[in-house]
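S.K.: With the sequences and hints as input, model every part of the structure.
Our numbering puts the first residue of the sequence shown at 1, with every later residue one more than the last.
I should point out that these hints are in silico values taken from the structure, not numbers from a laboratory.
Beta carbons are placed, not taken as given, at the ideal position from N, Cα and C, and that holds for glycine.
A few of these clues could be false.
Across the chosen pairs, the derived CB separations fall in these ranges [to be verified]:
hint : residue 1 : residue 2 : range
1    : 87        : 110       : 38 to 46 Å
2    : 246       : 92        : 18 to 26 Å
3    : 92        : 194       : 31 to 39 Å
4    : 247       : 88        : 34 to 42 Å
5    : 84        : 127       : 13 to 21 Å
6    : 110       : 201       : 17 to 25 Å
7    : 230       : 193       : 38 to 46 Å
8    : 208       : 168       : 30 to 38 Å
9    : 154       : 244       : 37 to 45 Å
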Amino acid sequence: GYEATHVEPPGSPPRARPGGARAALRAGTTAHERAPLSRAVALTGGAHGSGRAAAEDSLAGAPLGRPLPGRRAGGRILPGMRVRDATRADAEAVHALLAGIYREGGYFVNDGPEPLASLAARIEESPPTRSLFLVAERAEEVVGWLELHRSTAARLEHVAVLTLAVAPQARRQGVGRALMRRSYDWCARVGALKVSLNVRASNVGAIRLYEAEGFEHEGRERNQVRLVGGEGEGFEDNLIMGRWLGRAER
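M.R.: Laid out in structure tokens, this is it:
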């Protein structure tokens, strides 16, 4: 199922989610859920681009564990934030973050987060050249989560599939972008040449962010997501987007 949560670009207006409630983010897909390979495919990810993306270039490549520089975003000053590798000790906070987003509704497509023990095991035991787990912290609180996963198949291991989640109080403040940009360092180290993501068609803010960051539209799955609960009735398309990180596509 699709499970990545996407961040609206800073300063963009809130959008209506199906069913009327306004949302600052929507969903994508998770790596351990919908993999086109041996594992599940996550989805959500973003990279570099024009305009407001250029204003955030200072976030790219910041040393792990060091606070990222504060900046103005969405009319507010973003306090000191750091992006670092996740550890097993972060599992409980990450699980709580994901569970809260599930309770909000309208973002994920699964029925709930994976069990805490499973999440902790994945963080601790996944091969570091195949999976990346990052958290964003602000005031010692986990406000963002990112996963990237590569297939073990030789024909597909150059692609990393992304999952992203941001806490409600930290949305539209550059957290998602900071997580994504840190992830490209890992891609360069392990030889991942492409980042792939899925995003619900109604998530206009996230789509604009990804476009600004250099992602291209690669496909559309018609009526892929059923709307449930407060999301309304009917179905929603899933969009497939990708960004090539290598020097040449062929």
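S.K.: Work down the list of hints and note, for each, if the structure agrees.
M.R.: Hint-by-hint comparison with the structure:
At roughly 24 Å, the beta-carbon separation of residue 87 and residue 110 lies outside the given 38 to 46 Å, and the hint is violated. The supplied range of 18 to 26 Å is broken by residue 246 and residue 92, whose beta-carbon atoms lie about 37 Å from each other. Residue 92 and residue 194 have their C-beta atoms about 32 Å apart, which keeps the hinted 31 to 39 Å range intact. Checked against the hint of 34 to 42 Å, the C-beta distance between residue 247 and residue 88 comes to roughly 36 Å, which is consistent with it.
Hint check: residue 84 to residue 127, Cβ distance near 19 Å, so the stated range 13 to 21 Å holds. For residue 110 and residue 201, the Cβ-Cβ distance of about 18 Å falls inside the hinted range of 17 to 25 Å, so the restraint holds. Evaluation of the 38 to 46 Å hint for residue 230 and residue 193 yields a pass: the beta carbon distance comes to about 39 Å. Restraint check, residue 208 to residue 168: a C-beta distance of roughly 20 Å breaks the suggested window 30 to 38 Å.
In this structure the hint that residue 154 and residue 244 lie 37 to 45 Å apart at CB is violated, the actual value being about 19 Å.
Against the hints set out earlier in the document, violations occur for numbers 1, 2, 8 and 9.
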